[in-house]
Structure formats: structure tokens, C-alpha cells
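Peer 1: Listed below, chain by chain, are the residues.
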Amino acid sequence: MTRASGVSVAIPEVRPAAPRAPFDPEVVRRQFPIFRAARPKPLHYLDSAATSQKPDAVLAAMDRYYSTCNANIHRGIYGIAEEATAAYEDARRRVARFVNAASPRELIFTRNSTEAINLVAYAWGRSQIKAGDAIVLTEMEHHSNLVPWQILAQERGVELRFIPVTGGGELDLAALPGLLADGRVKLVGVVHISNVLGTVNPVAEIARQAHAAQALLLLDASQSVPHCPVDVQALGCDFMAFTGHKLLGPTGIGALWARRALLEAMPPFLGGGEMIREVKLAGSQWNELPWKFEAGTMAIAEAVGFGAAIDYLESLGMEHVFAHDKALAAATMERLREVPDLTILGPPAAKRGGVVAFTLGTIHPHDVATVLDDEGVAVRAGHHCAMPLHEKLGVPASARASFHCYTVPAEIDALVRGLHRARKVFAS
Amino acid sequence: MSGSEDLFREEILEHAKHPRRHGTLSDPDITFEDSNPLCGDRLRIDLHVKDGRIRDICFSGVGCSISQAAASMLCEEVEGKTLEEVKRLTRDDVLEMLGIELGPVRLKCGLLALKTLKAGVYGIHQWPGEDE
Numbered sequence: 001m002t003r004a005s006g007v008s009v010a011i012p013e014v015r016p017a018a019p020r021a022p023f024d025p026e027v028v029r030r031q032f033p034i035f036r037a038a039r040p041k042p043l044h045y046l047d048s049a050a051t052s053q054k055p056d057a058v059l060a061a062m063d064r065y066y067s068t069c070n071a072n073i074h075r076g077i078y079g080i081a082e083e084a085t086a087a088y089e090d091a092r093r094r095v096a097r098f099v100n101a102a103s104p105r106e107l108i109f110t111r112n113s114t115e116a117i118n119l120v121a122y123a124w125g126r127s128q129i130k131a132g133d134a135i136v137l138t139e140m141e142h143h144s145n146l147v148p149w150q151i152l153a154q155e156r157g158v159e160l161r162f163i164p165v166t167g168g169g170e171l172d173l174a175a176l177p178g179l180l181a182d183g184r185v186k187l188v189g190v191v192h193i194s195n196v197l198g199t200v201n202p203v204a205e206i207a208r209q210a211h212a213a214q215a216l217l218l219l220d221a222s223q224s225v226p227h228c229p230v231d232v233q234a235l236g237c238d239f240m241a242f243t244g245h246k247l248l249g250p251t252g253i254g255a256l257w258a259r260r261a262l263l264e265a266m267p268p269f270l271g272g273g274e275m276i277r278e279v280k281l282a283g284s285q286w287n288e289l290p291w292k293f294e295a296g297t298m299a300i301a302e303a304v305g306f307g308a309a310i311d312y313l314e315s316l317g318m319e320h321v322f323a324h325d326k327a328l329a330a331a332t333m334e335r336l337r338e339v340p341d342l343t344i345l346g347p348p349a350a351k352r353g354g355v356v357a358f359t360l361g362t363i364h365p366h367d368v369a370t371v372l373d374d375e376g377v378a379v380r381a382g383h384h385c386a387m388p389l390h391e392k393l394g395v396p397a398s399a400r401a402s403f404h405c406y407t408v409p410a411e412i413d414a415l416v417r418g419l420h421r422a423r424k425v426f427a428s
Numbered sequence: 001m002s003g004s005e006d007l008f009r010e011e012i013l014e015h016a017k018h019p020r021r022h023g024t025l026s027d028p029d030i031t032f033e034d035s036n037p038l039c040g041d042r043l044r045i046d047l048h049v050k051d052g053r054i055r056d057i058c059f060s061g062v063g064c065s066i067s068q069a070a071a072s073m074l075c076e077e078v079e080g081k082t083l084e085e086v087k088r089l090t091r092d093d094v095l096e097m098l099g100i101e102l103g104p105v106r107l108k109c110g111l112l113a114l115k116t117l118k119a120g121v122y123g124i125h126q127w128p129g130e131d132e
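Going down the list, the sequences are from chains A and B.
Heads up: the first sequence at position 22 corresponds to 22 in UniProt numbering, and the numbers run straight through without jumps.
Heads up: the second sequence at position 30 corresponds to 30 in UniProt numbering, and the numbers run straight through without jumps.
Careful, some of the hints might be misleading.
As the list claims (entries may be wrong) - Here are the simulated lysine to aspartate or glutamate pairs, EDC-like style, with alpha carbons at most 16 Å apart:
hint : chain 1 : residue 1 : chain 2 : residue 2
1    : A       : K130      : A       : E89
2    : A       : K41       : A       : E375
3    : A       : K424      : B       : E14
4    : B       : K50       : B       : E33
5    : A       : K130      : A       : E159
6    : A       : K424      : B       : E10
Derived from the structure by calculation, the hints contain no laboratory data.
Since we're looking at a predicted model, the values are computed, not measured.
With these hints in hand, go ahead and build the complete structure from the sequences.
Peer 2: Put into C-alpha cells, the structure is as follows:
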């Protein structure tokens, strides 16, 4: 892109660093300022499924954007506006390439996964779903891939069906053909990796069955895109939602990927500036993809940070990140066996990503988390935005440890220490 | 908050492990149930009331030690009091009973019992001063 001004201002530079090899979480960890900050006791952050920490590279990219070329995008004729536009669209290209989208036009920036799913529920759902249709979800969905469909179902008289979860925390796929059999299902919505159980679901097989029944597949990839290689074309999904803040990026930016033909046929979601081509008082023409779905000023700096986070993860190698997650989950499950009364929720380590949820006897997970906090160990306690799943598993709440590329084995030791202490504090 | 040693001081643990006034009443004059969706705490409070005075009070439900201890202490505290006196109870009264500092998340656990009791006494979901 040419710049109108002759002043030399650096375009935000967030190109991948030279690949590091081999993957070393101790080295990675030092690139995250939150772990370098002085504090009374070390921070053992085991809540990456809720949100990830941010490396220097991401913060620097956002800072560079604000410091050197902050301007509104797609409008300004002047130099920094063109630089800002280039940085924003460059981020879109990186995010699109990261999930192997056929084109950056298929990649819509949103606030987060929730907004991406709502975009589909409103723009696609309300133009395509009618009374008597059915939508198949699973019992392990995060509320973000359940509530938008409940709202649509109530509004339109649509039936929601659910793929059951087995006692072992996996999807009971034997039930799927029956759920699809009557030909009324228009959409199958499924979470890729469960935010509670860590279960990695067989998406390609579910997509195959959905398509054979003339239904589309929506993938909630909030916990997968940040942790493992995801290829939308290989998986065969039609819509995919994911978010930046779980992927080492900032909050306030997420993405919807969808097949281009679907996006072309969908009406807009939000109306306003940028999403239109021509406006008259009597009506408007919509802008082309992807901007048709990006009304108003978007989170520009956050998009730049999202792109930088992807560069950072690519420099680590997603295979390495996922192998690290899985190894930590396996080690954690092994270590937790030495804690009496502790019950792990979900499948064996081989079938999960970097998430381990558990209950500790009759001690309320909030109390467990409070004692752990005293040891500097940050875990999530509650239902993790998956109340129906907890009901199915017969527990009101659970505690959850979750990992990312910066998690180190010593943090698992701290977790186990804290759990022993919690048992002591609450011994009756 | 200087740590779980303080948060889980002996009296709180004692109330959480052996809650007073735990159970349900038959034919309660007032019964109210509320929950704290964030942590899955559920609390029900039953009252027998005569001449505007609490004759008997019980609570039931599941929750963390803070919410259970607060319910146990509060039920003990208000037995024999008039409904007007209960209406005058504030969050500071409960925090004083607990004797600990609570962060914004655990505050909801600590105040669930008061919220449930007041809503029951007022017969409404929102009681005056709830937002304080």
C-alpha cells in the first residue's frame, strides 16, 4: 500500500520471529511480562481456558499501532490511515491463513466467539430457519453455543436436540444418526475441545454425518484454535467461531470464519457505517465481504494484537503447543491420583487437550480455589459456563486447571501441594 | 485479604462444617430460595413468624464454606428478632459477623443468606438497599 505522506513512519511490524527450537516452556514463559512482574509469591496461572496471558510481542504490536499509526480504517486518505488499514487487513490475512481459510474474505472480525455465534444465529439463522426445523447441539456446549440457539428456537418454534455426553465425558456419537434421521435438522453445532472436560471431539466425522443429512456444521473452536492446528477445510465445517484473548491476544477481538457462499447469501447482522456500499434515505446496498458484517469502527488495535499473537504461536509451532498441553494434562492427571477423594471429570489424557477439571470430596470448588489462591495457584471454580454439562455429570460445580504454552511442570507441583492443604483445612 | 488462613478462620470453618439451624421447617410462614449462579450456591430459608417476630428459622441448600457459614451465623443471629429488625440488617452486619474481608467475588457468597432472608421477609426479589 502506498502512503500519501512522505513522512517515514514504521508500519506496525509483527512478522514472525525466527522459529525457536526445540520448544522450551521456560523460555516461552520469560516472554510474558505478567510472569516477570514482582509479586509477593510466584503466580501459577492455571486458568488459560478462561483467558490466556499475553506475550511481549502482542503488547508491543498494539503499542506500536497506537504510537505510530492510530487512525480510523478504510476511510482516511492520509498516510497513517492507510497504514492503519493495512495493519488491520494484514491481521485478517494472518488469522485467515492460520485456520486455512480459502480467502481472507471468509474471515469476519467480531468481539469474541459469542458474538461470532450470535452473528450466525441472527444473520443466517433468522433467514434460513423456520418453524418445524431442528438444530442439533451437544450436552457439553459452553453457554455461548447454547443460548443463542435457545433464543432462536423460542422465537421460531425450532426444536433443539442434543448429542448426549457419556459418563466418561465423550460425545455419544451412536445417537447422532437418530438425531439427524428425520431430515429436519438444518444445523449441527459442536464444541471442538470442551472447556470443562478437555475432550477433543471428532469434528470431521460429525461434519460428514451432518452434511449427509443436508445440515450445516458450526464449530465452536474457542479452545482449539488457540492450542492446536485447526484447518477449516480439512475438518469440513461451514461456520467456525474463535476468540483472540484465549490465543495470547487481547480481549475484544474474535472471529467468525464461514464458507464464502454462505456469507454472500446471508443478510447483514448489525447495521451502520462501513457495512454499506451506498446509503439512501429509503434504503442501502450492503458492502462486499468481509466488511458487510463489520459495522462501525472495529477493534483495530486488538485486531493487530490478534495478528501478532498468531505470529507468535506460529513461531512456537502449534504442534509443539498442543503436545505441551497434552503432556501437562497427562502429568497433572497422574499427579492428582495421589490426592485422596479427588475425582477427575472427563476422558483419559489421550483424548483431551490441556484442561483438567475435578472435584475434591465434599469441599466446594470455591473453597478449593481459595486455598489454592493462597499458594499462588489460579484455577477456575464453578460451572465454567457449562451448567447443563455439570448437571449431566451430577456435580454442582468443579475446579479446573488449564494450561498454555507458558505453563511449566513446577506449577503442577504447586497445584498438588495446594490440594493437600485444602484437604487439611477442610478436614472434618 | 491476607490469605486463606484469614478467610477460613476457625469460627467460619466451624459454622461451615457444623451449620446451626440447618434443615427445613414444615408449614413455614415465609420461605424463600435464591442462588448465586456464579458458583452454583443455592440457599433456601424457612421462617416461622408469630406477631411479627421470628420464632424459628432454618436454612438448606448447597454452597461454599463462606455462604454456608454466613447462613448459619445469620440464622442464629435473627432468631427471636422482629421482621422490622431483620429489614434493618445491612451487609456490614453480616460482614461483621463473618469477621473477614471479602473480595468482590466471594462477597456474593457471603451475602447470599442476607439477600435470601431479606427477599423472603419483604416478599420481593429485590429488597431496598440491595445495590449498596
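Peer 1: Against each hint, give a clear statement of whether it holds in the structure.
Peer 2: Hints versus structure:
no.: 1; hint: K130/A with E89/A; verdict: violated (36 Å)
no.: 2; hint: K41/A with E375/A; verdict: holds (8 Å)
no.: 3; hint: K424/A with E14/B; verdict: holds (14 Å)
no.: 4; hint: K50/B with E33/B; verdict: violated (21 Å)
no.: 5; hint: K130/A with E159/A; verdict: holds (10 Å)
no.: 6; hint: K424/A with E10/B; verdict: holds (13 Å)
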